[in-house]
Amino acid sequence: MYVMHNSEYPLSCFALFENGPCLIADTNFDVLMVKLKGFFQSAKASKIETRGTRYQYCDFLVKVGTVTMGPSARGISVEVEYGPCVVASDCWSLLLEFLQSFLGSHTPGAPAVFGNRHDAVYGPADTMVQYMELFNKIRKQQQVPVAGIR
Amino acid sequence: MADVINVSVNLEAFSQAISAIQALRSSVSRVFDCLKDGMRNKETLEGREKAFIAHFQDNLHSVNRDLNELERLSNLVGKPSENHPLHNSGLLSLDPVQDKTPLYSQLLQAYKWSNKYHAGLASGLLNQQSLKRSANQMGVSAKRRPKAQPTTLVLPPQYVDDVISRIDRMFPEMSIHLSRPNGTSAMLLVTLGKVLKVIVVMRSLFIDRTIVKGYNENVYTEDGKLDIWSKSNYQVFQKVTDHATTALLHYQLPQMPDVVVRSFMTWLRSYIKLFQAPCQRCGKFLQDGLPPTWRDFRTLEAFHDTCRQ
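Chains as they are written, first to last, in the working numbering: chain A, -9 to 140; chain B, 74 to 382.
Please keep in mind that the hints were generated in silico from the structure rather than gathered at the bench. It is possible that some hints are incorrect.
DSS-like, lysine-lysine: derived pairs with alpha carbons at most 27 Å apart [to be verified]: (1) B/312 / A/53; (2) B/357 / A/53; (3) B/304 / A/53; (4) B/267 / A/53; (5) A/53 / A/130.
Quick caveat: nothing in here was measured; it's all calculated off a predicted structure.
Turn these sequences into a full structure, and let the hints guide you.
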């Protein structure tokens, strides 16, 4: 289980399983987990975080950050969010065009999150799932820093 | 000629009046000086009081005299001539510094220009696009107007409800919710799929205003009432709001307002593919960060705002 925080939602804490449910809780969830320390074994993996700047262009939100694990930098993450649209599959072509304008050949394919449910409303949990997948990918790659893009 | 003579007489009385004012001022200040100095030192109290009162009275008399003189002179000076053909704007022409502030000449030029254009070209152009959407005729005199003219501005609310519910059933992906929180004018909340929400304020069956907001945006105020004033947070929907306002002015048919509402809703329904349809002219999705927000009024094709013909 992963516990994640997102600065876009400062009062929330996300707890997610791979291919499993995602829990959105209050920030006190961290404290709760500390209290429950005796009941589970925490993995030895160190904390991964990405820090960077946040840009706004028209209705697009672009966040470019450096992914660091401990003291070492592991890669670059770029997040693009299109605010007005709530159904993920609708605006993929629009997002793709926007990404291509500044990423060129590095544009990724459609994220797996989109494929599952066609008309479901996109939520913050989906963002966290994508981040989790990205961080796992970076963790698996040992030393060579790669650009992980979603 | 008579004007010149008139002016010279006034001037003399004017200068006399000014000196009379000066005399009046000095006599008034003498009165106050006398009061300030108080009683002079004399042998007996009575003597002192008498001398003071006599002095005070003298000063007051001189004030009176000067005031009467001034009044007489002011009647002689007279008023400036009242037959001013230019009224208030003519007072601007009395400005002595004409080259630094040529207000009057500029005013005359502006007036002549606006007269010329209003009488000629502007009236033709401005009256071409009549935006009167109701069936009431204002220009017809009371005698010629038939007595029992049916007006589309006053319709029973039940009729409006029926029309709206019929349109609601017409389109499956569009749902219309009608409420009347402020009197008789209907307010519709139209939800189009999962794309957008539109608040339509109506006046009997005429559409007055629309506000377009995103699907996840809040359309209610803190009291729970429909918020008809605040704009959307997203630029896309602000643009679509502008287009919707253009559309409600475009679809006009004064005698059959229900057809108008139906065509407006049909036009609005084309926005279900707001984020999926590329522009028909340039083929791209984004232009300045905006998707194609314009829908043609006849063909309902998607265009960017800058790409439309």
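Going through the hints against the structure:
Of the pairs offered as hints, the one joining residue 312 of chain B and residue 53 of chain A holds, with about 25 Å between alpha carbons and a cut-off of 27 Å not exceeded. Of the pairs offered as hints, the one joining residue 357 of chain B and residue 53 of chain A holds, with about 24 Å between alpha carbons and a cut-off of 27 Å not exceeded. For the hint linking residue 304 of chain B to residue 53 of chain A, the alpha-carbon distance of about 26 Å falls within 27 Å, and the restraint holds. Proximity of residue 267 of chain B to residue 53 of chain A is assessed by CA-CA distance (about 26 Å); at most 27 Å being required, the pair is judged to hold.
For the hint linking residue 53 of chain A to residue 130 of chain A, the alpha-carbon distance of about 23 Å falls within 27 Å, and the restraint holds.
Taken one by one, the earlier hints all hold for this structure without exception.
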